[in-house]
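Using the UniProt record's numbering, you'd call the opening residue of the sequence shown number 1 and step up by one each time.
Calculated directly from the structure, the hints in this document are not laboratory data.
All values derive from a computational prediction rather than experimental measurement.
Treat the hints with care, as some may be off.
To be verified - Below are the DSBU-like pairs computed for lysine-lysine, each with C-alpha atoms no more than 30 Å apart in a straight line:
{"id": "1", "residue 1": "LYS134", "residue 2": "LYS115"}
{"id": "2", "residue 1": "LYS68", "residue 2": "LYS115"}
{"id": "3", "residue 1": "LYS68", "residue 2": "LYS51"}
{"id": "4", "residue 1": "LYS114", "residue 2": "LYS134"}
{"id": "5", "residue 1": "LYS9", "residue 2": "LYS43"}
{"id": "6", "residue 1": "LYS115", "residue 2": "LYS51"}
{"id": "7", "residue 1": "LYS68", "residue 2": "LYS9"}
{"id": "8", "residue 1": "LYS68", "residue 2": "LYS114"}
{"id": "9", "residue 1": "LYS68", "residue 2": "LYS43"}
{"id": "10", "residue 1": "LYS59", "residue 2": "LYS134"}
{"id": "11", "residue 1": "LYS51", "residue 2": "LYS11"}
{"id": "12", "residue 1": "LYS51", "residue 2": "LYS9"}
{"id": "13", "residue 1": "LYS59", "residue 2": "LYS114"}
Stated by the list, open to error - Label pairs and their computed distance ranges (CB to CB):
{"id": "14", "residue 1": "ARG22", "residue 2": "GLN132", "range": "19 to 29 Å"}
{"id": "15", "residue 1": "GLN132", "residue 2": "PRO10", "range": "38 to 48 Å"}
{"id": "16", "residue 1": "THR24", "residue 2": "GLU100", "range": "16 to 26 Å"}
Think of the CB as a built atom: it goes at the ideal place given N, C-alpha and C, for glycine as much as any other residue.
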Amino acid sequence: MDRYQRVEKPKAETPINENEIRVTTQGRMRNYITYATTLLQEKGSSEIVLKAMGRAINKTVMIAELIKRRIVGLHQNTQIGSTDITDTWEPLEEGLLPLETTRHVSMITITLSKKELDTSSAGYQHPLPVDQVKPLNEYEEEGEGSPRMRGRGRGRGRGRGRGIDKDFVSLIHCRFLYCSFQMVIIAFLDSFLFFLWFL
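Could you build the full structure based on these sequences and the hints that come with them?
Next comes the structure, spelled out in structure tokens:
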């Protein structure tokens, strides 16, 4: 593809609901979390919907887990799928024809709700125990929103309460592996059906 360049397509202006948050790789986790907690705590929204594609999926899972640890009683439902994106390539040399390629991109939709969701859904998760939820002011976001407890001693290095909770990191890792496994299954089924279509 060295002799081609991809044609930038204008993004489709699809309407976004107020409680819908589309996560991208460029956006800051802190901003997403702040907006989500504002919707749930100040604007009276009963649920929010996080959506992401491709490389932003990992970030979205982390954001959802952080929000659940700041607001008590949030039910979660996770849906994973894929979509086809067609890219158009223009030749950089004479004599070549334009090309179109199609790529499969994974998608994730995470719904966090104060009300009970469909418990029979494969992606449903019960609210966290109350003792695992801490108010917003007990977290300190550093960098891209890593959860750190505020230290109570002097200085910036050591001290009780500093550092990332290992259990929290392990849980995030397990949740992400679960989502990744589902995405692998979906990608396999897509490829298998695509193969059957050519038979």
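Right, here's what the structure says about each hint:
no.	hint	in the structure
1	LYS134 <-> LYS115	holds (20 Å)
2	LYS68 <-> LYS115	holds (13 Å)
3	LYS68 <-> LYS51	holds (16 Å)
4	LYS114 <-> LYS134	holds (16 Å)
5	LYS9 <-> LYS43	violated (35 Å)
6	LYS115 <-> LYS51	holds (19 Å)
7	LYS68 <-> LYS9	violated (36 Å)
8	LYS68 <-> LYS114	holds (10 Å)
9	LYS68 <-> LYS43	holds (17 Å)
10	LYS59 <-> LYS134	holds (20 Å)
11	LYS51 <-> LYS11	holds (16 Å)
12	LYS51 <-> LYS9	holds (21 Å)
13	LYS59 <-> LYS114	holds (22 Å)
14	ARG22 <-> GLN132: 19 to 29 Å	holds (27 Å)
15	GLN132 <-> PRO10: 38 to 48 Å	holds (44 Å)
16	THR24 <-> GLU100: 16 to 26 Å	holds (25 Å)
The earlier numbered hints that this structure contradicts are 5, 7.
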